[in-house]
Amino acid sequence: MDVLVIGAGAAGSMAAIKASEFTDKVLVLEKAVLRSCGNLAMGHHSGELNPMTNMPGGPTSEQFVEGYLSSSSGLSGIERPLDKYIIAEEFPAIVRDLEKWGLEIYKNPDGSYANYWEKFIGERMESGVEIKGGSMKKCLIAELGRRNIMVVERTTAVDLLTHLNVVAGVVGLNVRTGELTAYHAKSVIMCTGSSSRTYIVSPGRRWFWMRDVGTNSGDGRGMCYRAGVEMTMMELIRTDHMIGNTMGRYWGGKMVNWKGEDFLKETYAKKWGRLWSMHLKTMEENAPLYWDATGLSDEKMKKRNAYASYEKHKPDIYLPESYQQRGLDPRRDKVEAIPTPIGFLGGADFGYNGSTSMKGLYAAGDEIWMDSLSGAFVFARRAGEAAAKYARQAMIQPIDSKQLMTIEETTFAPSKLPNGIQPQELEEKIRGVLTRYGNVVKSEGMLKHGLRLIKELRDRVIPQLSAKNPHDLMRSVEVRNIMDVAEMHMAAALFRTETIPYGRHFHHRIDYPNQQPGWYRQRVVIRHENGEMMLSRRQTTEQRVPTREEYLAVKEVKP
Amino acid sequence: MIVNVENEKCIGCSRCYEVCPLDVYTWDEQTRRPIVTYEEECQMCFICQEECPADAIHIRIPITFW
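Chains A and B supply the protein sequences, listed in that same order. First residue of the first sequence? That's 586 in our numbering, and the numbers climb one at a time after it. First residue of the second sequence? That's 7 in our numbering, and the numbers climb one at a time after it.
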């Protein structure tokens, strides 16, 4: 293969589609199946697409990035503003492509966008178009089909094959048959999504209950880390509000404290991140917090319902189902919104073309710190182009048979122990450790203890893992990734001795309650070297709006 | 039960077994019916319920999540 894509979600699909314009040797591995993989299938499509920049009346790329930097994110000190500039420049063209592939956008009879909007959110100017969100997943599947891009379903990537720090392929496990296959490739694009299976968000045994799709076990992060790829921003926690123990896929209405006060005004005034503010409000005994949609206009309610659609093949049905089964009426009932950790922002450190520190290895989507559909699409498209161009000029690397054998032994070891510890039990324990010792409020003592527990589990439980069938083997593969991600998060959080209350993702150390000038523009970099986790700092770019020249210098996607 | 399959309504098309992202179902080839094998791994994404052509699947949200 020229280009091997791991994961067929939003980023993986887009990367594969773009790569197919340069080579017909593109293959996608998907742990689940196309119909139901990735966050889009869980209904994480939005009724709107933004930013639609550089359109009449709307913000320019400069204004978009300026708005971004003048809001909470600009104060975090760890941004790379050119990422946002690239998104602003390149996303609208992708939307037009998606439309050609079948995305349904609300249009006027003359072909112009019917509901183009631009507005200020806090101090941030944004703009977008309204779409039928459910058609997003469908249009990507259709386009993959039209281009005859092969997707190998029910196959999880286990580990990267490498040769002298150059990628040589990936080993994949069929989760239904238990068959292990080495996929030889010139380039690999990691698109395995977020690391969602990291905390226990609700009581009881339902530990697959989470915001993102449950297959997201941080596989890409685990594979990259073990292969020695540089990882960054792993200390930043991702949180979201779960509404009535469902995900907050909810637009319109307002967030209020238990007295009914709209505290987000204070948030915008202080430029805190919204989720930081919710977390703080919980600590300040303002909890419970509610989403209050009782005052929504008919028009807004209609929009909200379209967003959480009932329509067949528009899979975002969870919210209406939840309301219906509980006998709730959003017009009458305020619903509790619980700020909940859902994973981590960071991942492989990447360049503007999606390249990582390993030659031939690229990454896109929630795998890296994109955290938006626009970011996933823009950088997946860049990674697809860069990987394909790289493959055109690169030699295929030899497969190291010793490496392959080690991967095979590690993968199948749990099959040889019929009466050991089930991977599901270990996963529950690791997530329990993170929930107690590495949750949103962190301290040195708790993090150190959490790291000790992870080490103990690694040394004592991994050799005792047991798998009776391919399904459990898949869970064993996943739990190693969950463990690596948990360790990276706690180690990076321990290393970063400050608190960042800004941006969509925050870092809170009660023993270092303020932002520290010494950490400004510093990112934590993690690397696995000779079996040890190495931590260091790296300076990120200046926190200002990039110039046109800076964009033009990276506009052309190079291998 | 969270995942409820009505075997009388089920037409044996195996769509649920094919689409479940978390591999909750296994398939009984003899009876041509799904078996809910890993119910505790169900995310309640409702995709099987949505895709079932015979309307034979009902996902009940457990009260622990109310």
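Warning: the hint list may mix true and false statements.
Unchecked claim - So, partial list: chain A residues that the calculated Cβ filter (under 10 Å) puts toward chain B: (1) LEU612; (2) LYS616; (3) ARG665; (4) TYR691; (5) ASN693; (6) VAL760; (7) VAL1046; (8) GLN1049; (9) SER1051; (10) HIS1056.
Hints listed in this document are in silico derivations from the structure and should not be mistaken for laboratory results. Please read these numbers as outputs of a predicted model, since none were measured by experiment. Here a beta-carbon is modelled for each residue, glycine too, at the ideal position from N, C-alpha and C.
Hint check results:
{"no.": "1", "hint": "LEU612", "result": "20 Å, violated"}
{"no.": "2", "hint": "LYS616", "result": "8 Å, holds"}
{"no.": "3", "hint": "ARG665", "result": "32 Å, violated"}
{"no.": "4", "hint": "TYR691", "result": "24 Å, violated"}
{"no.": "5", "hint": "ASN693", "result": "31 Å, violated"}
{"no.": "6", "hint": "VAL760", "result": "6 Å, holds"}
{"no.": "7", "hint": "VAL1046", "result": "19 Å, violated"}
{"no.": "8", "hint": "GLN1049", "result": "21 Å, violated"}
{"no.": "9", "hint": "SER1051", "result": "16 Å, violated"}
{"no.": "10", "hint": "HIS1056", "result": "6 Å, holds"}
Hint check: violations occur at hints 1, 3, 4, 5, 7, 8 and 9; the rest are consistent with the structure.
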